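Visitor: Here are the chains, one letter per residue:
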Amino acid sequence: MSGPSLLLAEALAGAWRVDSGGLDLSAEQLGRLAPLLIYGGEAALVWRRVRGGKSRTCSAGRWLRDEHRHNTTAAFLAEQQIQLLVSHMRAGGIEPILIKGWAAARHYAEPGLRPYSDLDLCVRPEQHSAAAARLQLFPPAALPVDLHRGIPDLPDRSWDELYRRSRPARLGNVDVRVLGPEDHLRLTGLHWVRHGGWRMLWLCDIAAALEAGSDDFDWDYCLNGPRQRSEWLRGVIGLARRLLGARTPPGFSSELPAWLPRTVLWLWGAGHLRHSCRYYLYHPVEAVAGLRCDWLNPIKAAFRLGLGPGHRWPLPLVQLGEWLRRARELPARFRGYGRYWSS
Amino acid sequence: MLPKARLENLSVRELPEETLVYDRATHKTHCLNRTSALVWRHCDGRTSLAALAGLIAEKFHLPNPDAVARLALEQLSRRGLLEQPVTPLSDAARASRRSALKKLAAVAAALPLVMTINNAARGQIPPTVITEQPGGAPIPARFGSHDMVLRLASGQPCSVSTQCISLYCVGASWNPQTRQFAQGRCA
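Chains E and L, in that order, are what the protein sequence lines are. For the first sequence, position 215 (counting from the first letter as 1) is numbered 1200 according to our numbering, and the numbering increases by one without interruption. For the second sequence, position 68 (counting from the first letter as 1) is numbered 1531 according to our numbering, and the numbering increases by one without interruption.
Derived by calculation from the structure, the hints in this document are not laboratory data. Keep in mind that this is a model prediction, so the values were computed, not measured. Even for Gly, the Cβ is constructed at its ideal location relative to N, Cα and C. Please note that the accuracy of each hint is not assured.
[Stated by the list, open to error] Straight-line distance between alpha carbons at most 20 Å, and here's what the computed SDA-like set of lysine to any residue pairs gives:
hint	chain 1	residue 1	chain 2	residue 2
1	E	K1039	E	Q1065
2	L	K1491	E	Q1065
3	L	K1491	E	R1047
[What the hints assert, rightly or not] Okay, the calculated bits of chain L under chain E, using three or more residues with CB under 8 Å as the criterion:
hint	segment
4	1472-1479
5	1485-1497
Chain L extracted, bound-state conformation:
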């Protein structure tokens, strides 16, 4: 197996602790921890699973690097970050890997982890939710630029009305005593 990372339609930003990969096609952000990021960066179509395991062993000194590399590839594949999907392991092999990974509980932070943030669910990113006019014209700042028109679409969860394109959300309020938001929904 020579896995190859998908690069098309992705924007990548390296942070000190993780790598953020924004998928422009699905509007999802994937947060890759260091182990997953290491595997993903080396998926160049020429590096084998064994070589990836070797890299993990070298960098993180994990005892069962094959299982860790395989787990990372499966996570990346499931999120569409590889060109070709990785064939899932058989049940028996999966059980065996699970027991092997259990032994790594002490170094859980080094285990590969890919977390996905769905920006569409949060309602900020996709162009379709931010245009008020069907023709797609940019939204004019009707009340002046200082009004913080943050353009959430109708039905999106929100915290304050100024986030909504309607400038009116139902149920959201700021409680100065508890200093907490009650979440509402854009009208």
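One chain only, chain E, in its complex shape:
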């Protein structure tokens, strides 16, 4: 694998840990990585590893440092907002579960290492309308709130079961309800797969969640569920071990097909961010790259077509199948956007 992908993996290996270890990159190497890291939100993680090295004062080093400062500031605000928001929802009789974002960031060594773009609040499906109404009363704040009906990415588990296994996590003066460690790992893993594995940060989330697991972590429960999903979860955990050096429990086995790490490294090096169809309407040139990275993403394609990571189909055929499936959906999607904008 040429390009910066392997260097990215090396720079991020163990970066979430308290003792992340120093990394000495040249200014030229850091300059190649910095735009990709800033784009994906991993800049602060790498800054923490290179800040003791000689490239800390080069311009790329200063960008990373600024990102770290910015993330730390943004984390102040996000944490305040979470406390207020959770208290606000509770006052309305709704007990939300917070997923991703802070729920993942709390496994990192410092609060400013992981940026959040929104707050994902999950509520009991029957309470969704009440929660949405309650949310309308919440004053404007720094991060948008993504309100979910139940828990996304875990359709095979009931709300009651997930809620029963959830637990409070202390944030300032408020106990914020987060998923149990097994469900959190499963959700971060399957979320990564659903999005085609393009973002390095999400694999770091998986690695951090893996290493945060206590001795009583229930692997049987975590990996239990539909076969395809469990195979993907095993694959993602194996990938976190292979690419980022995440520590897995002794005896954990995961056979990684060769195409999976190759694809992930290619996506990382391509620096692709997934855009909406509307964005591509305005930026048709970028649509070509988007098509390649998103519509033809072999991970996403296999997952959506119901295949596991170890499938034996030729990748171009899988990509074509997914492309045809999505092309069939396209008219309905544009009709939806048209309705939205005309309203």
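With chain E fixed as given, assemble chain L onto it according to the hints.
Guide: Frame of chain E, contents of chain L only:
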């Protein structure tokens, strides 16, 4: 002079190399290096300038700690991090301090430094720029949570369209050859 640090409306986070102070009133982040942070932490309304100088001398072994402590206080005061502003030095005293501090060039890293990041200018933080609806309702994730709607307001500098609340920025593009962003502005 018994300087006292302002604590109201501030959030503080200690990092290994510096202290970040976020001012919730102005939406500015102040990065205090170790010397400034030491002075600021000890501004409790009971510690005199001489005592602050003593702390600096003890911790950083600087030759002219009085001038350094005074400089730190002025920087903190200018950024509103003290309850009462510090009276600026006269021109003559300032010139004298400048010559004293010049001798410390070799240990420049230990000189007090407060750097301010204006988050409002960067366009990420203030609540006023992130609400799309006048009523202030939270922004719904219209295209699904994976769309990275990062909500920069119209006119804010940006790098990619997904940062903009309009999902459309003018002039920003990613160049895969140079791996650099061209900065644009949200529509």
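Visitor: Which hints from the list above does the structure break, by number from lowest to highest?
Guide: 1
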